[in-house]
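Visitor: Sequence:
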Amino acid sequence: KNGGKQQQQEEEAASNQHRGVTMATNKNGKEILMTGQTFTVPESERSERPRLTMFPGSLNAQKAHACVRISSLNYADGVDLNLISYPEDNQTLDYARLNPNMSIPTLEIDDKIITDSRDIQRYLFEKYPGEGDAHANKADIETFLDAVCAWDEYLFSYRRIPVFFGEAMHRIRLVWLADAVNSAARDGILEERLRDGQTIRQAYVKKIAQVRALIDVGCKAETPELTKRISENDVLLGKIFSVASDLRNESGGPFLLGPNLTSADAFFAPVVARVEAIDKAKVNSYFDQFRGTREWWETFKTRQEAADAFSKYGKLWTITAMMLQGKPFKILGYKLGVYKPTELPDDIEEDVQKQLQELKSSYLCT
1 KNGGKQQQQE EEAASNQHRG VTMATNKNGK EILMTGQTFT VPESERSERP RLTMFPGSLN
61 AQKAHACVRI SSLNYADGVD LNLISYPEDN QTLDYARLNP NMSIPTLEID DKIITDSRDI
121 QRYLFEKYPG EGDAHANKAD IETFLDAVCA WDEYLFSYRR IPVFFGEAMH RIRLVWLADA
181 VNSAARDGIL EERLRDGQTI RQAYVKKIAQ VRALIDVGCK AETPELTKRI SENDVLLGKI
241 FSVASDLRNE SGGPFLLGPN LTSADAFFAP VVARVEAIDK AKVNSYFDQF RGTREWWETF
301 KTRQEAADAF SKYGKLWTIT AMMLQGKPFK ILGYKLGVYK PTELPDDIEE DVQKQLQELK
361 SSYLCT
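For the sequence shown, the residue numbers in our numbering are 1 to 366.
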């Protein structure tokens, strides 16, 4: 039995090597962004029908949304989309009680609450596969998704967008996080246990440290260690396009694994969309270099699934949402120094500083 398992692992490793997949996270330390979990909930907490809580501009939410859209779930009438205000709503105590990582997306389905896009994909693949996933080679999908998930979208994006805007969005998060912590302290509920077993205090210490680390990594001066990490991350992005090209050419297209959309397409599309939105020259260079990827993207965009998960949430939707949520005023308030986090209790601030240093040291391997 052990010998068979070892052989399977060797075959999977050989397959990954053949496709040129190298996981950046194997060489570097742990990621700053948190990995979600899956929780089994009692009948009293179950949603009447699948409910996806998300912000449409989030890359991971886009992956999950696309997977829901291509699954066999009744998307039009049987799935609730809960679009939240980001980055405010998912820092609240109510959201932390639903999803202790305070990340997006969150899928409530059957007796599960799933808080990671990769876990959402796996659950839908096994329980509610669409036409493409039902006939897809699971090993090909797992290999490709491993590569996609190893790519650091945050590092790519925040090192290319205006620094002030990126930092301002994180500062807004810190305002809401501090308000939640101080509210919990006043109400005497810091030691309340969340569904993953950690206390409200522990969850918010971890989250505040994470956001501060993201500011330092994405919005501050570049260090030699960070330069190395950025370079490795860009290499991995090229390999994702390379593997996508191989898959499409081997399957005959028009999608990555043949005539129907699969989870591989659902995860690749947000990557392409993000790179195209931020660095048009780079995505065009990849399209030119990796045969079939441009044709794949043009074909994908004609599908209704793409319209539902991407097109309707374009620039106009984003600008309108930001205006309605008062983002320009909050950003201006941050710029003027009047919209800022309240001070944390001394003991919590001390713990945040410890976790912040650990996160940065591990991420940059210093």
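If you are wondering where the hints come from, they were derived from the structure by calculation, not from laboratory data.
On a predicted model such as this, the values are computed, not experimentally measured, just so you know.
Each residue gets a CB set at the ideal place from its N, CA and C atoms; glycine is no exception.
Treat the hints loosely; a few may be bogus.
Stated by the list, open to error - Here are the simulated distance ranges between beta carbons: (1) I161 to M323: 15 to 25 Å; (2) Q289 to I161: 37 to 47 Å; (3) P42 to N260: 28 to 38 Å; (4) G252 to D279: 41 to 51 Å; (5) T227 to I278: 11 to 21 Å.
As the list claims (entries may be wrong) - The calculated lysine-lysine pairs, modelled on DSS-like cross-linking and capped at a C-alpha distance of 27 Å, are: (6) K330 to K315; (7) K206 to K315; (8) K301 to K330.
Visitor: Taking the hints in turn, state whether each one holds.
Guide: Hint check results:
For the hinted restraint 15 to 25 Å between I161 and M323, the CB-CB distance of approximately 19 Å keeps it satisfied. Under the hint 37 to 47 Å, the C-beta atoms of Q289 and I161, about 24 Å apart, miss the expected range. Remark: the range hint 28 to 38 Å for P42 to N260 is upheld by a beta-carbon distance near 37 Å. A hinted range of 41 to 51 Å for the beta carbons of G252 and D279 is inconsistent with their spacing of about 30 Å.
Between T227 and I278 the C-beta distance comes to about 19 Å, which sits within the given range of 11 to 21 Å. At roughly 20 Å between alpha-carbon atoms, K330 and K315 fall within 27 Å of each other, so this suggested pair holds. This hinted pair does not check out: K206 and K315 have alpha carbons roughly 32 Å apart, beyond 27 Å. With a C-alpha separation of about 34 Å, the suggested pair K301 and K330 falls outside the 27 Å cut-off, and the hint is violated.
When each numbered hint is compared with the structure, violations occur for hints 2, 4, 7 and 8.
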